[in-house]
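Student: Residue numbers (the working numbering), protein chains in the order written: chain A, 8 to 398; chain B, 115 to 408.
Careful, some of the hints might be misleading.
[Unchecked claim] The calculated DSS-like cross-link candidates involving lysine-lysine, where the alpha carbons are at most 27 Å apart (straight line), are: (1) A:LYS98 to A:LYS182; (2) A:LYS226 to A:LYS288; (3) A:LYS9 to A:LYS182; (4) B:LYS223 to A:LYS182; (5) A:LYS226 to A:LYS71; (6) A:LYS226 to A:LYS182; (7) B:LYS223 to A:LYS9; (8) A:LYS226 to B:LYS223; (9) A:LYS182 to A:LYS92.
Simulated from the structure, these hints should not be mistaken for lab results. From a predicted model like this one, the values you see are computed outputs, not experimental measurements.
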Amino acid sequence: MKIQEADAKSLLLAQGLPVPGWEVVRSAGDARRAAERAFEAGAVKVVVKAQVLVGGRGKAGGVKVAGDADAVEAAAAAILALQIKGIQVRKLLVGPAAEIVREYYLGAILDRVSRRIVVMASAEGGVEIEEVARVNPAAIHRLGAHPHLGLLDWQARQLAFAVGLGGPHLREFAKIAEGLVATMLVNDADLVEINPLAVVRETGPDGMAVERLACLDAKITLDDSALARHPELEALRDLDEEDPADREAREEGINFIKLDGSIGCMVNGAGLAMTTMDLVKRAGGEPANFLDIGGGARADKVAAAMRIILADPQVKAILVNIFGGITRGDEVARGLIEARAVQAREVPMVVRIVGTNASEAGALLEANHFATASSLDDAAAKAVAVAGPAR
Amino acid sequence: MSILVGRDTRLVVQGITGREGDFHSRATLEYGTPIVAGVTPNKGGQRALDGRVPVFDTVAEAVRETGANTSCIYVPASGAPDAVLEAAAAGIATIFCITEGIPALDMLKVVEVVRAAGARLIGPNCPGATSPGRAKVGIIPGSIHREGGAGVVSRSGTLTYEAVQVMTDAGIGQSTCVGIGGDPIIGTTFLDVLRLFAADPETDAIVLIGEIGGSAEEEAAAWATEHLQGVPMAAFIAGRTAPEGRRMGHAGAIISGGSGTAASKIAALEAAGIRVAASPMEIPAILRAAGYQG
Chain A
8 MKIQEADAKS
18 LLLAQGLPVP
28 GWEVVRSAGD
38 ARRAAERAFE
48 AGAVKVVVKA
58 QVLVGGRGKA
68 GGVKVAGDAD
78 AVEAAAAAIL
88 ALQIKGIQVR
98 KLLVGPAAEI
108 VREYYLGAIL
118 DRVSRRIVVM
128 ASAEGGVEIE
138 EVARVNPAAI
148 HRLGAHPHLG
158 LLDWQARQLA
168 FAVGLGGPHL
178 REFAKIAEGL
188 VATMLVNDAD
198 LVEINPLAVV
208 RETGPDGMAV
218 ERLACLDAKI
228 TLDDSALARH
238 PELEALRDLD
248 EEDPADREAR
258 EEGINFIKLD
268 GSIGCMVNGA
278 GLAMTTMDLV
288 KRAGGEPANF
298 LDIGGGARAD
308 KVAAAMRIIL
318 ADPQVKAILV
328 NIFGGITRGD
338 EVARGLIEAR
348 AVQAREVPMV
358 VRIVGTNASE
368 AGALLEANHF
378 ATASSLDDAA
388 AKAVAVAGPA
398 R
Chain B
115 MSILVGRDTR
125 LVVQGITGRE
135 GDFHSRATLE
145 YGTPIVAGVT
155 PNKGGQRALD
165 GRVPVFDTVA
175 EAVRETGANT
185 SCIYVPASGA
195 PDAVLEAAAA
205 GIATIFCITE
215 GIPALDMLKV
225 VEVVRAAGAR
235 LIGPNCPGAT
245 SPGRAKVGII
255 PGSIHREGGA
265 GVVSRSGTLT
275 YEAVQVMTDA
285 GIGQSTCVGI
295 GGDPIIGTTF
305 LDVLRLFAAD
315 PETDAIVLIG
325 EIGGSAEEEA
335 AAWATEHLQG
345 VPMAAFIAGR
355 TAPEGRRMGH
365 AGAIISGGSG
375 TAASKIAALE
385 AAGIRVAASP
395 MEIPAILRAA
405 GYQG
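Construct all of the structure, not just a fragment, from the sequences and the given hints.
Tutor: This is the structure in structure tokens:
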């Protein structure tokens, strides 16, 4: 699960990382008042950032810096009017803009190849790390944290020296790197990124300029499988950005991802569900969704899946592809019959059920006049044929 | 000979008295695989599966009393990591974890301990393994198999069943079919299984079924170039049409930062001389075209 920047910053703060203050607001007026408070506290400039769960906010005009309250209000109004990658901006982060001396990248990911938490640091911060990885992979320094011991002090120092943060910032950097891994472990995150981690210039209490490290942006992805043991993190789910169909699917325990095509797919098993989409495409159609009803699904779950698929007005045909192992074919067939009796609109359906109790399923489907298919390829071709030509 | 499971498999089922454990253990017994013990804490002394299997409180006791050498875990996600660690501590050599939804950081720690104990973990979130005619551990339906020489390794469940069924229908039998699991952190990788197949005198062809996410297929392809020349192989990769940044059901099936795409995996496999089927139905023809006679 992705969480918003402001929430990610709270999690970093909880591990003792240096994060400049901020407020989250939902209107230009509130942005103005938050900015006034920041200016009063001594900020020279204020940053306004769209809170959306998609990347590329900066390029889309979702981040602006302003020098007075009027300009902040105008910037906030402009950003709240934006849709970024199809997501309406509803919330803004407002806080003092840092005076940046130099930007770095610091991130931790779950690396499946080495089966370690890999900590990555680069002196090329502030830009997309994928871009750095593509153009100049040697600029990214990585090392693996021990699964039981975490990131060791010497490892953190090694990274600091690698990115040129030895000297006055060595201790600071090591503490941040260790806090980054702690953030990951404490919250069961599979990604924690600080980009940029920056050396910022501030005015000390004596009026002299001081330089220190600060986490200016944060991105955290949480492990969905661990949310059950972190109810406080589940509460960070941004329901504003969740489609109603996605919500229903999540609540029903159905894996669902909406796509742009016209052929709704209902499948058991994630690998087979992806394959079914691929075969629809290969047969000349476009899949409307990825949908995995999971193992052992019963009639009511099948009915819920049907509702979710039909809620998409673009769906012109439905392909049901079930290979019964734990899932019993006759249960699925019964679910389909029940669902069809109450469904909101009529669309052609092609059903393929093989494996456990397939013959009972076949008899039920035949008695209820469902169009059936025997092989994978045949099922995809028939679904594409009944859906009509792709857009 | 087959790999991972075979005639010398002596199985202990952890979580045998649960709904899943009971259901799938019955099918395992029907397939002729000896389940020598079950383990459910505080149910030691009872008998499971209509009295056919003794239940113990601990895995150590089950090993001591029955000589169990392989474990299959159906314990729910909250207790499954501990179940794996208990099996490893008790000296179980091969541990299958069927359980889905285990937090990845838990597995990170578990895999490290299992490695140090010298045990092998398959999964989690995997369907298990079958060596047709010899033994079946896990939830793969026994009916889809045929005895033969083709090894099958896959990250999926039902997709594997499709591929195996198509092979069986075409008269191509299997030495062992292994589902390694769809999670990002798993105990045994494609490459590990390829090494086992390469060393198995009874496996004379290999089918590799991958999906988007990670780079395990690319690594396997690179290794195959060096070590599996002359072995008839076929592959299938699910997720050609998957969008970037979305987790496709399996926690491990996600394209991120442009890596882990089906295109990259297909290119790596084809570069290694392994033909990639556009549909699982093409797998038998590809094996035949690669010279497979079995």
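Student: Going straight from one Cα to the other, do LYS182 of chain A and LYS92 of chain A come out at no more than 27 Å?
Tutor: violated, 36 Å
Student: Given the hint that LYS226 of chain A pairs with LYS182 of chain A, test it: the Cα-Cα distance must not exceed 27 Å.
Tutor: Status holds; Cα separation ~18 Å.
Student: Just to be careful, I want the Cα atoms of LYS223 of chain B and LYS182 of chain A compared with a cutoff of 27 Å; is the pair within it?
Tutor: The hint holds at about 23 Å.
Student: Is the hinted pair LYS9 of chain A and LYS182 of chain A satisfied, with a Cα-Cα distance of at most 27 Å?
Tutor: holds, 25 Å
Student: Need the status of pair LYS223 of chain B, LYS9 of chain A: alpha-carbon distance at most 27 Å?
Tutor: Roughly 24 Å between the alpha carbons, so the hint for LYS223 of chain B and LYS9 of chain A holds.
Student: Next pair to validate is LYS226 of chain A with LYS223 of chain B; report whether the Cα-Cα distance is within 27 Å.
Tutor: Answer holds: LYS226 of chain A to LYS223 of chain B is near 24 Å, not above 27 Å.
Student: Would you check the hint for LYS226 of chain A and LYS288 of chain A, treating anything up to 27 Å between C-alpha atoms as holding?
Tutor: It is violated: about 34 Å lies between the C-alpha atoms, which goes past 27 Å.
Student: With the threshold set at 27 Å, check whether the alpha-carbon distance from LYS98 of chain A to LYS182 of chain A stays at or below it.
Tutor: Status violated; Cα separation ~31 Å.
Student: So if I understand the rule, the pair passes when the alpha-carbon distance is 27 Å or less; does LYS226 of chain A with LYS71 of chain A pass?
Tutor: Holds, at about 19 Å.
The structure is inconsistent with the numbered hints 1, 2 and 9, although it conforms to all the rest.
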